[in-house]
Amino acid sequence: MALDRWIALVILMICLAYGYGAFFTMDGSLPPFMQRNPVWPSTFPKVLAVLAIATSLVIVLGLEKSTEEKVPEINYRRLGDYHLGQALMLLGLMVLYALMLRPAGFLISTSVFLIGGSFILGERKFQYMVPIALLATGIVWYLVQVVLGIFLRPMPFFMGV
Amino acid sequence: MMGLSTAFSLTNLLMVIGGCLIGTFIGMLPGLGPMSIIAIMIPVAITIGDPSAALILLAGVYYGAVFGGSTSSILINAPGVASTVATSFDGYPMARQGKAGKALTIAAISSFCGGTIGAILLMAFAPALATVALLFHSSEYFALMVVGLSAIAAFAGTGNVAKAVLMTLLGLIMATIGEGAQFSMPRFTMGLMDLQSGFSFITLAMAMFALPEALYLVLDPSRSASESGGGEIKDLRITREEAKAIAPVIGRQSIQGFLIGVLPGAGATIASFLGYAVERNIATKEEQEMFGKGSAKGIAAPESANNAACTGSFVPLLTLGIPGSGTTAILLGALIALNVTPGPRLMIDEPQIFWAVIISMYLGNLVLLILNLPLIPYIAKILAVPRNYLIPFILFFTLMGSYIGQNNSTELLILVGFGICATVLRFADYPLAPLLIGFILGTMLEDNFSRAMQLYDGPGFILERPMTLGLLVIAVILVVLPSYRARRARARAEGVADGD
Chain Y
1 MALDRWIALV ILMICLAYGY GAFFTMDGSL PPFMQRNPVW PSTFPKVLAV LAIATSLVIV
61 LGLEKSTEEK VPEINYRRLG DYHLGQALML LGLMVLYALM LRPAGFLIST SVFLIGGSFI
121 LGERKFQYMV PIALLATGIV WYLVQVVLGI FLRPMPFFMG V
Chain R
1 MMGLSTAFSL TNLLMVIGGC LIGTFIGMLP GLGPMSIIAI MIPVAITIGD PSAALILLAG
61 VYYGAVFGGS TSSILINAPG VASTVATSFD GYPMARQGKA GKALTIAAIS SFCGGTIGAI
121 LLMAFAPALA TVALLFHSSE YFALMVVGLS AIAAFAGTGN VAKAVLMTLL GLIMATIGEG
181 AQFSMPRFTM GLMDLQSGFS FITLAMAMFA LPEALYLVLD PSRSASESGG GEIKDLRITR
241 EEAKAIAPVI GRQSIQGFLI GVLPGAGATI ASFLGYAVER NIATKEEQEM FGKGSAKGIA
301 APESANNAAC TGSFVPLLTL GIPGSGTTAI LLGALIALNV TPGPRLMIDE PQIFWAVIIS
361 MYLGNLVLLI LNLPLIPYIA KILAVPRNYL IPFILFFTLM GSYIGQNNST ELLILVGFGI
421 CATVLRFADY PLAPLLIGFI LGTMLEDNFS RAMQLYDGPG FILERPMTLG LLVIAVILVV
481 LPSYRARRAR ARAEGVADGD
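Those protein sequence lines, which keep their order, are chains Y and R.
Residues in the first sequence are numbered from 1 upward in steps of one, following this note's numbering.
Residues in the second sequence are numbered from 1 upward in steps of one, following this note's numbering.
Bear in mind the hints are in silico, worked out from the structure with no lab data behind them.
Everything numeric in this text was worked out from a predicted model, so none of it was measured.
Hints may contain errors.
No more than 27 Å apart at the CA atoms, straight line, and that leaves these computed lysine-lysine pairs for DSSO-like [what the hints assert, rightly or not]: (1) K381/R with K125/Y; (2) K293/R with K65/Y; (3) K285/R with K65/Y.
Reference listing, derived: stretches of chain R covered by chain Y, where coverage requires no fewer than 3 residues with Cβ under 8 Å from a Cβ of chain Y [as the list claims (entries may be wrong)]: (4) 164-171; (5) 418-429; (6) 445-453.
Chain Y residues, not near chain R, derived (Cβ > 12 Å throughout) [claimed, not checked]: (7) G21; (8) P32; (9) M155; (10) P156; (11) F158.
All C-beta atoms, glycine included, are put in the ideal place defined by N, C-alpha and C.
Taking the hints into account, I'd like the entire structure generated from these sequences.
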């Protein structure tokens, strides 16, 4: 089975769970005065669940034939031929950034993210990487925190800022 | 004349220039749309004291931010605001072909024309349009949004409408997660506090567009503009043929965008999507093929429509005191803080403010064009930054856009998760734009649907209101027609192959 039909199958499962929630669990806790309304919190989700289940079945069962053969931008069957390792490492770095942003503070985590990102992509000129990362981090922090007044903890948590 | 002299005073000219510059540069940062920037600028505007000067500054910021949002959409496929999502459909492919300068020029000129035509229409028809807008009820809004979604699904899923419809429905489903204003009860949150207020638009926009694009650039370095030589700004000028092609588009979409902007609650987002969908549907078959691949019309349509709609949204604000969009709601707050009460009497009691705002719209658009056209080659140079530096920065701005909006690290993890899902969906040729559009319109769609159901005590409003029924019929035709045509074409082709 092609990837698009596998994806449609996964979406079908999600829609079935969503539909189950809408049809069987949401209305139980509805206050009596709301039950007299023509529209309940579950009304719209019920409509969506039915439509989404029907549409995903159309794809899973292959009822609609594609009229044009498109050349994929990236052939997922040959992912090994692309720079998959770099992409996965960058995703890992983003997760690390998300986890470290608060405890390590904006300045350290962002500088490490920018330097790390360039390093993963093959850059080795540290004389450019480090100053660019530090400068960009400082400018963005100043713009966001000082000019726009949106709080971004600059330093690690143990430094009290 | 009083408005003219007010708007052309030196202080106010400086205000409009300053506002446009601030708006353009901050608007380029994903996550900071016109609404946030105007909110940030309100204390500055109040400090100025003079209501005309303050409003002129805010109008400049508004237009600047809308153009700034288009810039990040075109250059790095990161639409920071919903109204610029449609611009990225063709703007980014054009930038990747080494025509970033041209894409930005088309966007600047279309925005200018849209805003200017909108301002002329505002001047001429504001009082009359305000009464017409009030005839639109929730059932018509609901039907109008269904038409918009169907049109988007029909064009995004060329040759495969089911996938586009499924993505739209998935977007609508995602919009139901969290606590909606209509029912004040959490839905599908699975007890997670982070889902209480639903998914953030900006996180989803970054995950659907910017993150998969950055990952594609990593996976296949030949896609990068700097690697393929696309970073050079080859041609900035629009050819005579292109100008001829986009002129009617700009004219049509400025009027359509303005009229949609007048409707309270519709706004620039719906105007830009509908503008794009309409132009694609009425284009010739050859031109339709170009949409999504860097068509000049595909940039001109949403850009002129969203700017005209921005101007149109001032109609209910200035004439009725009803804010038509989030941004004008913030402007209403600013007006009240400045001791100005918008409404039918504004034009009579304080004509200098009313006309100064309208003239500042002309000025704002003109200043934006004069300031931005010379800057375009420098702005477009962003694409010439080497890939090893550009990609980490795109990823960083993606993360920041998402973080600034919510100030919550969990949002970043949601962004990465959705980004991976979006990349897999793109592998399988699922269009991502309908998902985001479904998500953006989902809340408004449900609110209007629920209101119409309550007003008519059930789904009877579909039959009782002819305009609603007409719009819904158009929506069904838009979805069914492409599949029907494809089926017929296939049957005919099979017939020919069989020798019939």
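Given the hinted pair K285/R and K65/Y, is their Cα-Cα distance within 27 Å? Holds, at about 20 Å.
Beyond 12 Å from chain R, beta-carbon-wise, is F158/Y? holds, 18 Å
Counting residues of the segment 418-429 of chain R whose CB is closer than 8 Å to a CB in chain Y, do you get three or more? holds (count 8)
For K293/R and K65/Y, compute the direct alpha-carbon distance and say whether it is at most 27 Å. Measuring from Cα to Cα gives roughly 23 Å; hence the hint holds.
Could you let me know if the closest chain R CB is still more than 12 Å away from the CB of P156/Y? holds, 15 Å
G21/Y non-interfacial with respect to chain R [C-beta, more than 12 Å]: About 6 Å separates G21/Y from the closest Cβ of chain R, which leaves it inside 12 Å; violated.
Minimum C-beta separation from P32/Y to chain R exceeding 12 Å: can you confirm that? holds, 14 Å
Run the distance test for K381/R versus K125/Y: straight-line Cα separation, threshold 27 Å. Holds, because 21 Å separates the two Cα atoms, which is no more than 27 Å.
Mind checking, does the segment 164-171 of chain R have 3 or more residues with a CB under 8 Å from chain Y? Since three or more residues must qualify, the claim that chain Y covers the segment 164-171 of chain R holds, with 4 doing so at under 8 Å.
Test coverage of the segment 445-453 of chain R by chain Y using CB-CB distances below 8 Å; three residues minimum. With 4 residues close enough to chain Y, the hint holds.
Find the nearest Cβ of chain R to the Cβ of M155/Y and say whether that gap is larger than 12 Å. holds, 16 Å
In this structure, the one hint that does not hold is number 7.
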